[in-house]
Structures are given as C-alpha cells and as structure tokens.
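**Q** Guided by the hints, dock chain S onto chain R, whose structure is given.
Heads up: the sequence lines are chains R and S, in that order. Read left to right, the first sequence gives residues 1 to 405 (the working numbering). Read left to right, the second sequence gives residues 406 to 810 (the working numbering).
Do not take every clue at face value.
[Stated by the list, open to error] Quick list of in silico lysine to any residue cross-link-like pairs, SDA-like style, CA-CA up to 25 Å:
1. LYS755/S - PHE422/S
2. LYS429/S - ALA74/R
3. LYS440/S - ARG806/S
4. LYS440/S - ASN430/S
5. LYS459/S - PRO50/R
6. LYS440/S - PRO79/R
7. LYS440/S - GLY802/S
8. LYS276/R - GLN417/S
9. LYS267/R - VAL120/R
10. LYS672/S - GLU19/R
11. LYS672/S - ALA9/R
12. LYS24/R - GLU502/S
13. LYS35/R - GLY473/S
By construction, these hints were calculated from the structure, which means they are not laboratory data. Keep in mind it's a predicted model, so treat the numbers as computed, not measured.
2 protein chains.
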Amino acid sequence: MVQRNRNMARLQAGYLFPEINRRKNALLARKPDAKIISLGIGDTTQPLTPHISKALENCGRALGTAEGYSGYGAEQGNPQLRAAIANKIYGGKVKPEEVFVSDGAKCDCGRLQLLFGPDVSVAVQDPSYPVYVDGSVILGQTGDFDSKAQQFDGIAYMTCTPENDFFPDLGKVPRTDLVYFCSPNNPTGAVATREQLAELIEFAKSNRSIILFDAAYSVFVQDPSLPRSIFELDGAREVALEINSFSKSAGFTGVRLGWTVVPAELKFDDGTPVSKDWTRIVTTLFNGASNIVQQGGLAALDDEGLAEIRRLVSYYLENARIIKSALSEMGYVTYGGENSPYIWTRMEGKGSWEAFEEILETCHVVTTPGAGFGPAGEGFIRFSSFGRRGDVEEAVGRLRRTMRH
Amino acid sequence: MVQRNRNMARLQAGYLFPEINRRKNALLARKPDAKIISLGIGDTTQPLTPHISKALENCGRALGTAEGYSGYGAEQGNPQLRAAIANKIYGGKVKPEEVFVSDGAKCDCGRLQLLFGPDVSVAVQDPSYPVYVDGSVILGQTGDFDSKAQQFDGIAYMTCTPENDFFPDLGKVPRTDLVYFCSPNNPTGAVATREQLAELIEFAKSNRSIILFDAAYSVFVQDPSLPRSIFELDGAREVALEINSFSKSAGFTGVRLGWTVVPAELKFDDGTPVSKDWTRIVTTLFNGASNIVQQGGLAALDDEGLAEIRRLVSYYLENARIIKSALSEMGYVTYGGENSPYIWTRMEGKGSWEAFEEILETCHVVTTPGAGFGPAGEGFIRFSSFGRRGDVEEAVGRLRRTMRH
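So that you can see chain R by itself, here it is in the shape it has in the complex:
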C-alpha cells in the first residue's frame, strides 16, 4: 500500500485558522444566538472599491467577446501588471521581469519552499505566520516536533519579543540557508527600521543566506522613515526575494492576487540564478493568476485605484487605533497597530489559548491566540483590525465591559 508522507505525519494538529473556526463553531453550537464578532483572522470586510470593482465587471463582460477573450496567459503574469507593480510599488527599483504575479502570498510561499527543496535549513521569526513552518515541514526541511520546546527540530527560531524590540538578536542565530522575515510583522505588528533591515541584510550576506522577505502588509506603513520593501536597502538584491499581495491592500483576500520579486542578482552557490529555477517552478506547476483578477490588479495600481486603496487602508488603520487605544485604556500593554493592521497584546498571567477562550466565551469576540504563531507568542493575543467599524466598536465595548485588566 501507499505509505503516508512522513512529512505530513510530522505536522501538528490543524492549520491555525481552521482550528479557531472549529472553536467558534463549537460556541455557536452551544449558544446559537451568540452574535460573534471576528477580530481573528486578517480577513478584509470592506467592499472592493468602485474603480477596481468596475474593472472586474468590465473584464467579465469583455471575456464574453471575441476581442476581449483571452486564454492561457504567461504563467509569470500579465506583462502590463508586472510593469505596473515594478513601477508603482517599487518606483522602478525592480524590473518588470523580476516580478512574478501569483494567486497570493500563501500559495507562493508553498511554491518557494518547493523551489528550494528538502535540503535547505530554515530560520523563522518566533512568533510568525504558520505557513513558513508548516510548509517547511511538508517539504521535509525540518526534523520532528519537539513537544517540550513546542518547536520543530532543525528550524532556527528567532525570538521576537518586546524585550528585543521584536528584532532578533542575530548574534545568537545560527547560520541557515533561508531566513523568513516578515515586516510589518504578522502577528506582532512590529515594523523593522532601515537600520534593522540593513543589519539583517548584512547577516544574510555574511552567512550567504537568502532572505524570504514577506511584505504582505507593507501598504500599512505610514511612517515615511520606515521601509516598505527590503529593496529600499542597499545590498538586498543579492540576498533577498520579496513576497507581496493585493489581499490586504485592495481587499483581494477572496479575489486572490499577489506577487513575488526575484532579483536577477540572487544566485545559488553554483551561479544558477534563483529566478531561473523559479521560472521553471512557476511555468511547470502553476498556470498564472486568473486573467480577470489581474485586470483588477491593474486597476488597483492606476492613479484612481491607488487613491482608493489609500482610503481603504486608512479605514482599517482607524480600526486599529480604536482597538489599540481601548486596550491601552483598559491597562493592557499592546504593540503594533500603528503601521500595521495587527495589535499584539500581552495577556498577563494567562496562556494564549486560555485568553482566547475567555474572550470568545465572555465577549463572543474571536481573536487569535499568540501561541498559534510559535512558542514565543505564548501569553499574547493578536487582535486584527480587519472588520466593519460598527463591529469593531461593538467588540471593543464588550471587551471594556468584561475584560478590564
């Protein structure tokens, strides 16, 4: 018979968000009338903006005409969209042919893990987005799960806590082939400064490592002194690739569109450009993002679309301000929530899942337990600012009534 993939067997429990959903549904089974509000998963709630919605509508109509129909596109993406991303997001700092359009950052994470294969060693921020670790396990890049440490053997966990300003002490991090780094960070909301990114690049350069820089929340960076892309820093093109997404900027969580930038200078030890193998992965096991969705992405990057996105981002950032200031007034210590949609909150004296259950049970508010992002997230709760204003205000009201610290 066919043996189960031993890498799959190594994974722990379910992927975090389905697990949270199961617990929410368990509450609903007991209390069918509970008006649950989610500040959990980073799921956008505001409608697509008019200009972008119109572009999808127009493309849907055009695909029904001989002139507007298109079949297979380039797996790497619509050339116009690749150029728009290179110019509008990166101000020309990357070339269109270095931009690979995808159906989202999560999917590209999986394909990148496939690109590097089972023999690479990996470092992740702790806490971090679960896909980095789970995907590495699936690819066989790790050892078994150490249930005492709550870590996988063979992964270097770079602790990011308030004590080190959410930036790892790189002097203590062993050399690995790959270094995942997310800024603005999911889940902590921390944004790396230019100095910190310069240090990270230097670290990768001296270790001859490759940084997988996850910039999926870059559009939330409002402070002009903070970098939105690792490619704003010198030396990044030799050591980093960057993953990004339209999910949180244009509200495309369900529409599905993202991209990865692989600079020409990024190479393996035998001189093979990483982009050569990446092109092979993308053309062989991916078939391009949907043509209609890519038209939506193009609309999101013209002047009208960019202005709409700025307003959408402001809306969620105002939610973040409301949540953060309420938690602060209630006596909680919070991080993030300023150049990021996430507010990382210390729950003194409580475990993450315990705090999660308590908030769910007493306030009917779904959050995300910090421990779900790695052992250093224990004792924290992540509040997401993706929600309708009224729901956010209602949730904050319930927290104020029952959770006073």
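**A** Using the frame of chain R, we list chain S on its own:
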C-alpha cells in the same frame, strides 16, 4: 551559500510549451510578417459563453457592494460549487465534501505531488502530459535523467502506442505507489473503455496503488458507452482520485478553475484517509480559487451554462473533425480527435521535432512535437483543435498545399 535544489537541476530543458513558444518567436524574428496559426498548446480561443460571462460581470459588480463582498472563502471551495460539481458532473456519485475546488488541474497536480512526498514511486503513461513527470522530478520522486533512454530513472513508463491501442500492457508494468492515467488522453486523444478502466482499477487494487486519474478532457467524450469519470466504475473509490478542470469545457484556460475529487474510502497503509492530508495541504499552502471565478463555475453548471458548454465543446469537436479528416485524406494515420480535442498523427520517417520545425517553417502552423510528451511520442505530432474555425480551415489548407504525405 545556498545550494541549488538538486531536484531542479535534474529537470531537462524547459517546460515543453515555453520551449515551443521560443521556437515560434524565433521564426517571427526571421519572418516578422508570418501569419502564424497555433494548433499547438490546447488553448481555448472562443469567448466565454453569455451566461457565464454575465455571472463574472455580476460578481465583479457585487464585490463592490457591502452585501456582495466576500473575503477569504473556504480553501476547499465555495460549498455551493462543491455541491454543483458533485451533482451535475458526477450525478451524486461523489459527495460535495469529496470535491476540492482548485485554480486548475496543473496546479493541483503539483499539490498532489507535494501531498504524496518524495518517497513514492510513480508510473506514467508514455506519452503523457509533461507535468506528471516534471512535477515528480521536482518533488524528488525520481532518479536522474537517462539521456539514452530519454527517461528518468525510477519512473515506470507505461508505453501507449497504436500497437497496444494506447492502453498499457499492465502485465509488464512494475508495481508503483502512484499511477497517473489520463483519459481522454493528452496527447494521444485515446479514451479508455469501461473494460480498460476496470482492468486499471483491478491492477491498482492488487498492487495497492493509487490512481491519479486526469479527466480534464472528459467533457469531450460524446460516445455514451465511454466513461467520463473513473468513478463510473465499481471499486474506483478505494484506489483513485480524479483531477478535472473548467479550462477546456467552459473556456477557463485564462480564468483558472478546476477541482480534485478525493473519495473518503481512499486511504494510506496506516489507515489515514488521503483526504485528511489533502485537506491539510489545501488549507496550508493554498487559499482557495478566486471567489469571482467560482461564481463563473457555478453559472457553468446550471442548466443554461451546461447547454452553452455543450455548444462550445461541439465547436471544438467540429474543428477536430476538420483537421482529422484533412490529415487522413492527405494520407496520414491519425488517432483521437473524436471524443477528444487532440489528433495524434504519425509522421512516418520523421522525428517529432523535425516534423514540428518543418510544419512551422513551411506552413507557419504551430503544433506540438510528440517527443515532448515522452519517448514513445517520438515520430508523432499532436494537433490541437482549439482554435477559431477560420484559422483551423486556413491551417488545414496550408497543410494540404505543402505537407501531402
């Protein structure tokens, strides 16, 4: 430094279709005025049908409203669409929860290879769709390329030629964990009979293998005695999963939508349901097909959509008839093209790439060289019937003038 993934280094040349595109562009560089017609890649050319186009248009508009907006959906797919596929395509023979909606068959092939991991052994039809072999190589399921045999070590190639009626002599095929089987076949156009599929299921059962049944062209089966799904056969649910797509039926090659059926009875040797690990793969490394695209899929499966699809399929099948009868009149021996959009043509005395180059050079018609699908495809050319009627007629006229056998 980071070593290149040795599995990537094992791959041969480029993925087939980008390679063909390069040769086409080389001709255009020499003869910029050449009016090239493609009967190569199976790329749909006819506009989306009105009802489906309208559904996309409506969803694009709705996503711009508070009521019509949706964020993340279930990674497994819109429940309505899963139910529609189970009922309309499979007549209830599979359950909605066994249907996993994807962004296309090619992408799901890659994820399935990831699901099974590096330690499985693999059998493929020879010739076959290149993604089976290339994806297996990328996952590390194979050995090195044997340039003399033009095969990868560690893959069982099941020869499918006119001599065995395009169905492998299973008595000579070694036991493997996975068996890829595509019917209607890409590239040969052969459709397995009920008896042949029953034999394949028995073979898998006695070997305790899993069949990855690729039914991406099932909608082209017109002969009611021929199976459109492996699940029409008894015993299939214990040994097979099935991959399918809206690409060729609804013209979604660029729109991107497909699905995979993983029956509850399909299990690993330790009793773990394959669908459990598949759910973990899909929820961890995929984020669902685009919501707007899934609305298009739903429209394609209601009565109006299904009627439109039948007309679209008839159009391409009439193209196939035109190409096949012309080639036959010219003295070529052809296969397929009746319950399949592909016509597999023997090019007596010529190598595939030689014949490809000759047709490209003299007729300015792009085809697909059979050798690109595996060593047993050598000496054949695949003609695709996906094209506009006028182009197909023009291409056939050019072939008649210059390629008389």
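**Q** Hint by hint, work out which the structure violates, then give me just those numbers in ascending order.
**A** Those not satisfied: there are none.
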